[in-house]
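Peer 1: Sequential numbering from 111 applies to the sequence shown in my numbering.
Hint data in this document are derived by calculation from the structure and do not stem from the laboratory.
Source: prediction; values computed, not measured.
Honestly, I wouldn't trust all of these hints.
[Unchecked claim] DSS-like cross-link-like pairs, simulated, lysine-lysine; straight-line CA separation at most 30 Å:
1) 220 to 235
2) 220 to 114
3) 114 to 189
4) 326 to 300
[Said to hold, decoys possible] Using C-beta positions, here's what the derived DEER-type ranges look like:
5) 113 to 207: 26 to 34 Å
6) 111 to 229: 31 to 39 Å
7) 156 to 226: 16 to 24 Å
For glycine and all other residues, C-beta sits at the position ideal for the given N, C-alpha and C.
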Amino acid sequence: MKRKVVVLTGAGMSAESGLSTFRDAGGLWEGHDVMQVASPEGWASDMDLVLEFYNQRRRQLLSARPNEGHLALTRLEDKFDVAIVTQNVDDLHERAGSQQVIHLHGELLKARSTRYPELVYAWTKDLLRGDLCERGGQLRPHIVWFGEAVPMMDQAIEHISEAVIVIVIGTSMQVYPAAGLIYYAPMDAKIYYIDPRPQINTELALRLQLNVMRIKAGEGIPRLVDDLLQHHIV
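Just need the whole structure built from these sequences, with the hints factored in.
Peer 2: Below, the structure is given as structure tokens:
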């Protein structure tokens, strides 16, 4: 049986593919406060603004490509049972070839009904006012906004609680509930943290198995993957 590796990825992973992030813009994204475009209140206040914001993100994503980090992670599947748990809403892990990807914060290339949230559709074009589900409800981006539940959290916890190796990439580990996932890892799990500007709190620093790589994902991940495959746990 292959041993479990869980990879937690955040905005820094996608940034190397040219995708804009809140992290590098002081909480603003092209002039928009996060609550204007990523909250139920923002949706209720200005639906058209929110729709156009995500239309721009979707167009940008469709022209982006997986980077060397995305591609390197797929090689781990030769020797390990790999689960990618991402805070990112793009599909770059899937396009790189990763087989098991859990999106904590939703998926940009999907839309769902505001009235019937179980109705979810693949969506690659602009999403507009008047685009309805088959039961007449307005469609919205399939994104977990601030203040909304994170439906994939339990599945992510189940995976990380079985991990022998956890790799944290391109995330500040400051946004909850996602930031709390690391504490569900077994105490003897090896934890690798790849980020050019890692933010490590005292509790995390006390983990004896923590290995910090102060480097960009596109360079650090291939290096780590090579090492893990060479010394893989049988």
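Peer 1: Is residue 114 close enough to residue 189, meaning Cα to Cα at most 30 Å?
Peer 2: With Cα atoms ~10 Å apart, residue 114 and residue 189 stay inside 30 Å; holds.
Peer 1: Cβ-Cβ distance between residue 111 and residue 229: within 31 to 39 Å?
Peer 2: Given a distance of about 37 Å, which is inside 31 to 39 Å, the answer is holds.
Peer 1: How does the Cβ-Cβ distance of residue 113 and residue 207 compare with 26 to 34 Å: does it lie in that range?
Peer 2: Cβ of residue 113 to Cβ of residue 207: about 20 Å, so the range 26 to 34 Å is violated.
Peer 1: Please work out if residue 326 and residue 300 have their alpha carbons no farther apart than 30 Å.
Peer 2: Between residue 326 and residue 300 the Cα gap is close to 20 Å, so the pair holds against 30 Å.
Peer 1: Check the hint pairing residue 220 with residue 235 against an upper bound of 30 Å on the C-alpha distance.
Peer 2: holds (10 Å)
Peer 1: Does the hinted range 16 to 24 Å hold for residue 156 and residue 226 at CB?
Peer 2: holds (23 Å)
Peer 1: Run the distance test for residue 220 versus residue 114: straight-line Cα separation, threshold 30 Å.
Peer 2: Between residue 220 and residue 114 the Cα gap is close to 28 Å, so the pair holds against 30 Å.
Violated hint for the displayed structure: number 5, the only one.
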